[in-house]
Amino acid sequence: MNFNNEMLEHMADTARIGLSEGEKEELLSTIQEIISIADGIIDADTSGLEPMEHVTTLKNVFREDKVDEPYTREIILSNASETNEGCFSVPKIVE
Amino acid sequence: MNREKDYEVVIGLEVHAELATSSKIFCSCSTEFGGLPNTHCCPGCIGMPGTLPVLNKNVVEFAIRAGLATNCEISGFTKMDRKNYFYPDLPRAYQISQYDIPICKDGFIEIEINGVKKKIRIARIHIEEDAGKLVHDQWSTGSLVDYNRSGVPLIEIVTYPDMNSAEEARLFLEGLKAILQYTGVSDCKMQEGSLRADVNISVKPKSQEELGVRTEMKNLNSFRAIIRAIEAESRRQIEELESGGKIYRETRRWDDEKGVSFSMRSKEEAQDYRYFPESDIPPVIIDSEWVEEIRKSLPELPETRKRRYMEEYGLPAYDAEIITSSKALSDFFEETVKNGANAKTASNWIMGELLRLLKEKGVEDDSIPFPPVHLAKLIDIIEKGIITGTIAKKVFDNMFDSGKDPVAIVDEQGLKVVADTGTLLPVVKKVIENNPGSVADYKAGKTKALGFLMGQAMRETKGKADPKLINQLFIEELEKL
Amino acid sequence: MELHELSISQLGSLIKNKEVSIPKLTRYMLDRIEKLDSAYGCYITVAEEKAMEQAADVQARLDGGNLDSPLAGIPMAVKDNICTKGILTTCASRMLYNFIPPYDAHVVGKLYENGAILLGKVNMDEFAMGSSTESSYFKKTFNPLDTERVPGGSSGGAAAAVASGEAIYCLGSYTGGSIRQPAAFCGCVGIKPTYGLVSRFGLVAYASSFDQVGPLTRTVSDCAMVLGAIAGHDPMDATSTRKRIPDYTKALVQDVRGLRIGIPGEFVDDSVDEDIRNAVFKAIQVFSEQGAECKEISIPVMEYVVPTYYIIALAEASSNLARYDGVKYGYRTSEYKDLIDMCKRTRSEGFGTEVKRRILLGTYVLSSGYFDAYYKKALKARTIISREFGRAFEECDIIMGPVAPTTAYKIGEKINDPLKMYMEDIFTVPANITGLPALAIPAGIDRNNMPIGLQLIGKRFDESTIFRAGYTFEQTIGSNWTSSRMNNQVNNQVKNK
Chain W
1 MNFNNEMLEH MADTARIGLS EGEKEELLST IQEIISIADG IIDADTSGLE
51 PMEHVTTLKN VFREDKVDEP YTREIILSNA SETNEGCFSV PKIVE
Chain V
1 MNREKDYEVV IGLEVHAELA TSSKIFCSCS TEFGGLPNTH CCPGCIGMPG
51 TLPVLNKNVV EFAIRAGLAT NCEISGFTKM DRKNYFYPDL PRAYQISQYD
101 IPICKDGFIE IEINGVKKKI RIARIHIEED AGKLVHDQWS TGSLVDYNRS
151 GVPLIEIVTY PDMNSAEEAR LFLEGLKAIL QYTGVSDCKM QEGSLRADVN
201 ISVKPKSQEE LGVRTEMKNL NSFRAIIRAI EAESRRQIEE LESGGKIYRE
251 TRRWDDEKGV SFSMRSKEEA QDYRYFPESD IPPVIIDSEW VEEIRKSLPE
301 LPETRKRRYM EEYGLPAYDA EIITSSKALS DFFEETVKNG ANAKTASNWI
351 MGELLRLLKE KGVEDDSIPF PPVHLAKLID IIEKGIITGT IAKKVFDNMF
401 DSGKDPVAIV DEQGLKVVAD TGTLLPVVKK VIENNPGSVA DYKAGKTKAL
451 GFLMGQAMRE TKGKADPKLI NQLFIEELEK L
Chain C
1 MELHELSISQ LGSLIKNKEV SIPKLTRYML DRIEKLDSAY GCYITVAEEK
51 AMEQAADVQA RLDGGNLDSP LAGIPMAVKD NICTKGILTT CASRMLYNFI
101 PPYDAHVVGK LYENGAILLG KVNMDEFAMG SSTESSYFKK TFNPLDTERV
151 PGGSSGGAAA AVASGEAIYC LGSYTGGSIR QPAAFCGCVG IKPTYGLVSR
201 FGLVAYASSF DQVGPLTRTV SDCAMVLGAI AGHDPMDATS TRKRIPDYTK
251 ALVQDVRGLR IGIPGEFVDD SVDEDIRNAV FKAIQVFSEQ GAECKEISIP
301 VMEYVVPTYY IIALAEASSN LARYDGVKYG YRTSEYKDLI DMCKRTRSEG
351 FGTEVKRRIL LGTYVLSSGY FDAYYKKALK ARTIISREFG RAFEECDIIM
401 GPVAPTTAYK IGEKINDPLK MYMEDIFTVP ANITGLPALA IPAGIDRNNM
451 PIGLQLIGKR FDESTIFRAG YTFEQTIGSN WTSSRMNNQV NNQVKNK
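First to last, the protein sequences are chains W, V and C.
Note that our numbering numbers the first sequence so that position 34 is 34, with each residue one more than the last.
Note that our numbering numbers the second sequence so that position 366 is 366, with each residue one more than the last.
Note that our numbering numbers the third sequence so that position 478 is 478, with each residue one more than the last.
It is worth saying that the hints were derived from the structure and are not from the lab.
In this text, a Cβ means the ideal position worked out from N, Cα and C, and glycines have one as well.
Any given hint could turn out to be false.
[As the list claims (entries may be wrong)] Selected chain C positions facing chain V (Cβ under 8 Å, derived; list incomplete):
1) Cys-83
2) Gly-86
3) Tyr-103
4) Ala-315
Just need the whole structure built from these sequences, with the hints factored in.
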């Protein structure tokens, strides 16, 4: 599959990662190499097979509908870079 | 001049309802509404590293209830999926939702429009989590994020585009709301955000088979907004097509104050959510035993209750429809009747005075400020003739404001009917004396004048005079003249 | 022997007999870390104060008769992607350079219950993405047996700390081979438990359907003891098993008579270093002599194993790492024009190159247009691989092979060649895809005196059998003989400083 610079930029955009020109160069060649490994499954005969979506064989694992709130707001906000009025503060979203 | 009547409007709805569970979908934080920001959170629902989701059993049960009550097929096998996108109110940058195997599908709600029944089909109902809230800070330089609502459980109900008018959409939503309230699945309070609807709408010439391009309307925060938005958008689309323009597949944001919508066309339109199965949550197997257990525990549904009111209480269809449109209201009605009131009378009071006051004072029907037994008592003392009809309305208003027992109100304010001739005769005579014009009219054959004279007498007695007696006395006295 | 060279049970006896106090032992280990860690770079955070507090506390519990665990008072370290309440947990990334979790991982809580002493948090590849610990934002870790070589990864700091005697045991994590491979490179024992045996709550997620926590130790017995303490159901992890956990120490018997061991031809082909192949053949000899039935088997789907693993793991990783955006915790860039800009810069500055590479690849294989060809196909390939291994386990009780095709390589040798690095995982990854348990044990040294790791893969939840086989092997070839050689090498390194 063709992974070119345009695709790299599109993926970086989707994944919200800013890349410098130098980084793009290095990443592009290594990513292309790894995709060639990934392409190794193209020939696998998977006809008629169901995708294995879960590794666990467990089913119906639930919790009871009970309230338990051991964390205060202080703790919740304790690792944030910026807070204001008891909330996490973020720059404006450009609509 | 546009030819609206030559077009058919096609509407589909995507409704989100918050489930009335005590705790959130994947953690034990409370789902309680209100509360200071970030006080109902834990490391899990703010997406801290190393935390994991565990599914709340009631969420599955409530979703099954909703599915059964809307005639859906319940999936025997269902799972959760991740919907990946970036937005600060989504702490993990993915929403745990359901993609290809929703928990319920292929149901319907029946509405009645112009006497004709119509099935509005439900394509699917699936479970997902809500995101937090973003508000602009006071200087509008940035935004503030509150994760209290992050992780609140939702069901999303998606209909087929079976509706053809704003009225049909409204009826569907009313019906859905009633069903969700009756089954205890959601309290459906639009003003608290526990019921939200997005509208998908397109138009097409009646002669055309193929559906037109549809737009999605968002930010509809009340039934009124939904109706207005549908009407405005169908008009806009028809006008656009009539003038040779094109409809774009886009999302439009409704502004209820201005009564117009704005296109939200942006890069986000072509969002690739990269759905894939959620490995942290094992799949859910729902066997027929479990479904039956839930089906048996379903409370009486609105349709059934409406029919019962018509049969058991002899209510006309119109009354039954209104009373059962809300569980709270119909519960109140039943209690009132259980406390001895006549069903039709109770129904009249509820549909009339009660609904009027609730609307006027902005009170929700699940927060009626007096108990049903008080309404029953009021009806009783009216029937017994202890108070007049006019006074009854006053007492009702008072009951609503104070929550006091109507008998107590009547006693305290001396509102009992005045029905002795000794007190009333002088009043009648006085009114006759003071209104020669009306007396003359009456004598001349204008019977309406009697009504006027009676009204004056009622005013004199502050509404407490027994109308029958007053009437009798007037006729007698006027005879004498 | 010196204190740090003893096994858990040996130390346990000393503590019980009051020949050494827990605070003294802890102090000894902390001093050792201070002396050695500048050379080896195992620790990101040394929790000195907390460790001494804990030591006093555990001593009191023990003295008061309120604690009865073989792990009581034994100092250990935890990989820095396992959350420790109140203690920095960085995942060796700038992105979490200041993150202090308000909760302990389930496994940490279990160890504390057993009276373990936390010495600190050990180094790793950033967000567990790598096989050499070279991608850590903070420092490199050097293999204590030859400081010009890598310790393996991503649990490199953990393996190195055990090898250098800077911790009696460590908790590491793996997604691909990140416990077995560093164990092999540093001459330790490491186990990757069956998926679901150990709770993942508090383990910072990389790839949810592969991630697990496992112990790195010097001996098989130590490994069995630690696993026994951390395994079992946790209501905070919906994928954690409800099965009753057997007493793994009961499996520590020298008896492999009748045990059917299969060695896939694909595990001993030309891609494997000659010395390693010979070590495997030697192991076959040892097991056969002890009464096991060894035979060659074939697992033809091996060629799909690495691509399948990487597609699924990277897809999940791209999703699990999306939460790092500077909003709720961790690093936030200092200059930005709006939210999207802040997010992009934060992630650009907060993540290292290998992490970015994996996120971009993961995003790609999930993208519309590529999803079917890659992700969905890989899920189907996973079905085939599981089926093949299932079939193999009908004829075998254990599948055996090397941990990696090479021993520890030189620092800098592979970091710029991700392709080569990824292919290193070929033997460790099958157990991850299938969720099966796998034990890595030392099995000799190569021509450069670097340790060779042997891998024993078992059936689901059959850790007991691989412990039994591992214990037998270890005891047969000479208890801790690599350990003593290792100690000599480490001591030599220390002397040469």
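Check your understanding: Taking the closest Cβ pair, is C/Tyr-103 under 8 Å from chain V?
Key -> 6 Å, holds
Point to revise | Status of the hint placing C/Cys-83 at chain V (closest C-beta pair under 8 Å) | key: At 5 Å from the nearest chain V Cβ, C/Cys-83 passes the 8 Å test, so the hint holds.
Exercise for review: Return the status of the interface hint for C/Ala-315: holds when the least beta-carbon distance to chain V is below 8 Å, violated otherwise.
Suggested key: Hint on C/Ala-315: holds, closest Cβ of chain V at ~6 Å, below 8 Å.
Review point. Would the stated hint for C/Gly-86 survive a check requiring a Cβ distance to chain V of less than 8 Å?
Key: Because about 14 Å separates C/Gly-86 from the closest Cβ in chain V, which is outside the 8 Å limit, the hint is violated.
Comparing the model with each earlier hint shows a violation of hint 2 alone; every other hint is respected.
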